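Turn these sequences into a full structure, and let the hints steer you where they fit.
Residue numbers (our numbering), protein chains in the order written: chain D, 1 to 425; chain Y, 1 to 305.
FYI, nobody ran anything at the bench for these hints, they're computed from the structure. Predicted model, so just to flag it, every value in this text is computed and none were measured. Don't be surprised by glycine CBs; every beta carbon is placed ideally from N, CA and C. Worth double-checking, as some hints may not be accurate.
Unchecked claim - Using C-beta positions, here's what the derived DEER-type ranges look like:
#1 Y:S202 <-> D:M158: 33 to 43 Å
#2 Y:S206 <-> D:S386: 50 to 60 Å
#3 D:L270 <-> Y:I57: 28 to 38 Å
#4 D:L184 <-> Y:P188: 14 to 24 Å
#5 D:E390 <-> Y:S149: 51 to 61 Å
#6 Y:A51 <-> D:A392: 32 to 42 Å
#7 Y:S234 <-> D:G226: 44 to 54 Å
#8 Y:S234 <-> D:A132: 30 to 40 Å
#9 D:E390 <-> Y:R22: 40 to 50 Å
#10 D:G226 <-> Y:E212: 57 to 67 Å
#11 D:A392 <-> Y:R13: 33 to 43 Å
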Amino acid sequence: MAKLLIRNGHVIDPANGVDRVTDVLLANGIVRAVGENLPARGAEELDATGKIVTPGFIDMHVHLREPGFESSETIETGGRCAAVGGFTSIACMPNTKPVNDTAHLTRYILERARNVTKVNVFPIGAITKGSAGEELASIGAMKEAGAVAISDDGRPVMNSRVMRRAMEIAASFNIPVIDHCEDLNLSAGGDMNESETSIRLGLRGIPACSEDVMVARDLLLVEVTGARFHVAHLSTRNAMAMVAEAKRRGLPVTCEVTPHHFALHDAEILPYDSNYRMKPPIRCNHDLEAMVEGIKHGVVDAIATDHAPHSVTDKMQEFERCPFGILGLETAIAVTLERLVHPGHISVARMVELFTTGPARILGLNRGALTPGLPGDVTILDLNDSWTYEVAKTASKSRNSPFDGHTYRGRATATIVAGEVIWRA
Amino acid sequence: MAVGLLDIEALDRSEIEELLERAKEFQPVAKQGKRLHLLEGRMIVNLFFEASTRTRISFEIAAKRLGADAISISNQGSSVSKGETLLDTVNTLRAMRPDAIVMRHAASGAPHFLARHMDIPIINAGDGQHEHPTQALLDARTILDNRPSLEGLRVAIIGDILHSRVARSNIHLLSKFGVEIVLCGPAPLVPQGLAAMAPGVSITHSLKEALEGTDIVMMLRVQLERQNETNFPSGEYFRFYGLRPEALAMAKPDAIVMHPGPMNRGREISTEVADSSRSVILSQVENGIAVRMAVLEKVLTKVPA
Numbered sequence: 001m002a003k004l005l006i007r008n009g010h011v012i013d014p015a016n017g018v019d020r021v022t023d024v025l026l027a028n029g030i031v032r033a034v035g036e037n038l039p040a041r042g043a044e045e046l047d048a049t050g051k052i053v054t055p056g057f058i059d060m061h062v063h064l065r066e067p068g069f070e071s072s073e074t075i076e077t078g079g080r081c082a083a084v085g086g087f088t089s090i091a092c093m094p095n096t097k098p099v100n101d102t103a104h105l106t107r108y109i110l111e112r113a114r115n116v117t118k119v120n121v122f123p124i125g126a127i128t129k130g131s132a133g134e135e136l137a138s139i140g141a142m143k144e145a146g147a148v149a150i151s152d153d154g155r156p157v158m159n160s161r162v163m164r165r166a167m168e169i170a171a172s173f174n175i176p177v178i179d180h181c182e183d184l185n186l187s188a189g190g191d192m193n194e195s196e197t198s199i200r201l202g203l204r205g206i207p208a209c210s211e212d213v214m215v216a217r218d219l220l221l222v223e224v225t226g227a228r229f230h231v232a233h234l235s236t237r238n239a240m241a242m243v244a245e246a247k248r249r250g251l252p253v254t255c256e257v258t259p260h261h262f263a264l265h266d267a268e269i270l271p272y273d274s275n276y277r278m279k280p281p282i283r284c285n286h287d288l289e290a291m292v293e294g295i296k297h298g299v300v301d302a303i304a305t306d307h308a309p310h311s312v313t314d315k316m317q318e319f320e321r322c323p324f325g326i327l328g329l330e331t332a333i334a335v336t337l338e339r340l341v342h343p344g345h346i347s348v349a350r351m352v353e354l355f356t357t358g359p360a361r362i363l364g365l366n367r368g369a370l371t372p373g374l375p376g377d378v379t380i381l382d383l384n385d386s387w388t389y390e391v392a393k394t395a396s397k398s399r400n401s402p403f404d405g406h407t408y409r410g411r412a413t414a415t416i417v418a419g420e421v422i423w424r425a
Numbered sequence: 001m002a003v004g005l006l007d008i009e010a011l012d013r014s015e016i017e018e019l020l021e022r023a024k025e026f027q028p029v030a031k032q033g034k035r036l037h038l039l040e041g042r043m044i045v046n047l048f049f050e051a052s053t054r055t056r057i058s059f060e061i062a063a064k065r066l067g068a069d070a071i072s073i074s075n076q077g078s079s080v081s082k083g084e085t086l087l088d089t090v091n092t093l094r095a096m097r098p099d100a101i102v103m104r105h106a107a108s109g110a111p112h113f114l115a116r117h118m119d120i121p122i123i124n125a126g127d128g129q130h131e132h133p134t135q136a137l138l139d140a141r142t143i144l145d146n147r148p149s150l151e152g153l154r155v156a157i158i159g160d161i162l163h164s165r166v167a168r169s170n171i172h173l174l175s176k177f178g179v180e181i182v183l184c185g186p187a188p189l190v191p192q193g194l195a196a197m198a199p200g201v202s203i204t205h206s207l208k209e210a211l212e213g214t215d216i217v218m219m220l221r222v223q224l225e226r227q228n229e230t231n232f233p234s235g236e237y238f239r240f241y242g243l244r245p246e247a248l249a250m251a252k253p254d255a256i257v258m259h260p261g262p263m264n265r266g267r268e269i270s271t272e273v274a275d276s277s278r279s280v281i282l283s284q285v286e287n288g289i290a291v292r293m294a295v296l297e298k299v300l301t302k303v304p305a
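Put into structure tokens, the structure is as follows:
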């Protein structure tokens with residue numbers, strides 16, 4: 001069987017406390033050994049001298065658009081973006097057409113993924129049928145079929161009673177609940193973050209309090225239900241403070257932050273450019289600073305991209321008519337290095353946690369570490385490679401990125417899934 | 001990107017002064033209905049995606065007074081209402097080689113979006129809640145017809161500032177000339193963040209505070225019925241923010257009253273005030289033609305014929 005020996009890389013495996021130059025041997029799709037001078041014994045060798053070798057990166061929040069919106073992305077093209085971006089595993093949100101609200105659809109996505117991509121795909125099921133916010137979806141059956149979490153991402157459950165029941169069911173099936181926290185009445189019709197910038201541009205505001213109110217509600221419901229609860233793409237200072245407080249009190253609460261929310265603030269966005277249009281919106285500088293602080297101090301459990309492809313046609317419109325969302329898989333590592341690691345806010349090891357053990361723990365995946373016996377998923381990073389992101393060359397079917405043309409230092413140079421190199425720079 | 005006129009914010013003071021001076025020279029032409037030949041053989045397309053009478057007609061007349069051809073297209077009965085994208089619509093028009101496009105659109109930033117993707121000059125005739133640059137220019141022209149200069153004036157802008165493109169353009173323009181600008185209206189319609197838009201802007205929710213010592217009173221059209229949300233208790237607006245003679249008495253004795261139209265008599269302004277000698281509302285309409293002549297001339301003479 002195929003064996004791959006990764007030689008001489010700086011292995012950073014936070015779960016096992018490894019942070020040194022050593023070798024990693026993958027065989028039969030799993031991690032066989034980590035240690036110095038491992039014998040090749042017929043294994044293919046990959047020289048990782050000068051590189052960082054880590055457990056395979058996991059993006060717990062992507063939109064693959066299939067089934068239903070294949071003109072924007074497919075499982076295949078989204079999987080390719082993941083590989084290019086250094087991700088070995090991705091969890092896909094259920095807002096497809098139809099919505100993934102049944103075991104049947106969950107199985108369909110898993111089956112498609114097996115056929116079209118080598119990246120591990122983990123479906124997230126809907127909380128409510130059609131994500132309409134009324135009747136609960138088949139939560140238990142989806143979990144049995146392979147769903148790793150439930151979420152009505154993009155169409156948050158507004159009815160607090162429905163959310164409470166969903167959390168009770170989720171707790172009983174031990175599946176985490178992920179919420180896109182947005183009070184749709186407070187944000188109604190909003191185009192961008194409510195601030196002096198939205199006022200100046202004459203765009204309707206999405207106030208930070210529309211996120212805060214929902215985070216507060218959900219945390220109160222967690223206290224009642226005991227559900228494992230995860231805040232998706234947290235973006236405000238107050239929400240960060242509330243999650244920190246909930247954690248301090250021992251509630252089973254986690255959160256993720258996207259690269260664009262710790263990289264951009266609303267005073268520097270290009271006016272009326274739909275590549276800066278997403279939910280939650282790019283917030284104020286004080287929110288950005290709170291994201292960085294939350295990541296530094298361990299409040300944040302994962303960095304997730306919210307990779308949200310939209311076709312060029314959909315994004316080439318008047319700003320207020322464009323759909324929300326931007327690409328993220330191919331730029332996440334570079335933006336994280338640029339904004340968090342190179343300036344010294346966090347160590348490389350902490351970055352690795354945020355992309356591996358963090359999301360693995362939230363979703364209950366038996367991955368994110370180079371423990372012998374675990375799946376042989378590895379990401380190899382070059383922290384100094386200078387490169388320019390050109391969205392025209394993206395693996396995605398869409399082109400909606402605010403990071404086009406930006407030159408970065410560092411990226412993934414190889415993505416390895418189950419012992420097989422699926423992408424190399 | 002071709003040079004058009006997208007907003008007042010990007011203009012500097014001397015560019016504004018130049019336009020206002022030129023508009024003054026055009027005033028007699030505009031009044032007498034003469035036709036000049038400055039833009040002979042040039043074509044201007046007025047593309048109105050949102051209903052407008054006075055602005056569209058004013059641009060048409062301005063173009064014709066300069067000798068240009070003006071063609072107006074509105075959303076009814078054109079491909080605009082057939083689901084074509086904005087970019088496709090404008091690209092199609094561009095293929096017919098107009099020299100400039102005058103555009104009114106309900107989406108803030110729609111002209112900015114187009115200007116990024118095409119090379120024809122675009123003149124913004126009002127974009128959503130963002131800016132209405134020629135309105136601010138004609139307002140400034142009207143003020144200067146009544147006052148020696150803008151410096152040192154106190155201007156109160158009253159009404160739904162949050163949703164008003166007229167207010168935004170006026171704030172930018174007046175601020176560049178050191179005007180003291182007081183914004184007044186119900187709190188949800190006059191958020192504190194407006195004060196950061198430009199130097200010299202302050203906010204009050206009291207009509208009395210806004211009007212005291214004011215030289216110029218700019219009223220805005222209030223469309224409470226269209227907002228479909230609870231921005232202000234219905235039925236209370238005129239009582240607290242309507243401009244009646246007793247309210248106007250709090251302003252300077254020679255204060256003038258302006259309104260971009262169309263007016264809601266009895267909603268934001270009383271008939272007595274609207275029709276009083278203090279009202280310069282019809283002068284604003286007249287100045288619209290002169291100012292738009294100056295804008296068209298400036299934009300088109302920068303473009304090779």
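To see whether the hints hold, each was checked on the structure:
no.	hint	verdict
1	Y:S202 <-> D:M158: 33 to 43 Å	holds (38 Å)
2	Y:S206 <-> D:S386: 50 to 60 Å	holds (58 Å)
3	D:L270 <-> Y:I57: 28 to 38 Å	holds (35 Å)
4	D:L184 <-> Y:P188: 14 to 24 Å	holds (18 Å)
5	D:E390 <-> Y:S149: 51 to 61 Å	holds (52 Å)
6	Y:A51 <-> D:A392: 32 to 42 Å	holds (40 Å)
7	Y:S234 <-> D:G226: 44 to 54 Å	holds (45 Å)
8	Y:S234 <-> D:A132: 30 to 40 Å	holds (32 Å)
9	D:E390 <-> Y:R22: 40 to 50 Å	holds (45 Å)
10	D:G226 <-> Y:E212: 57 to 67 Å	holds (60 Å)
11	D:A392 <-> Y:R13: 33 to 43 Å	holds (41 Å)
Hint check: no violations occur; every hint is consistent with the structure.
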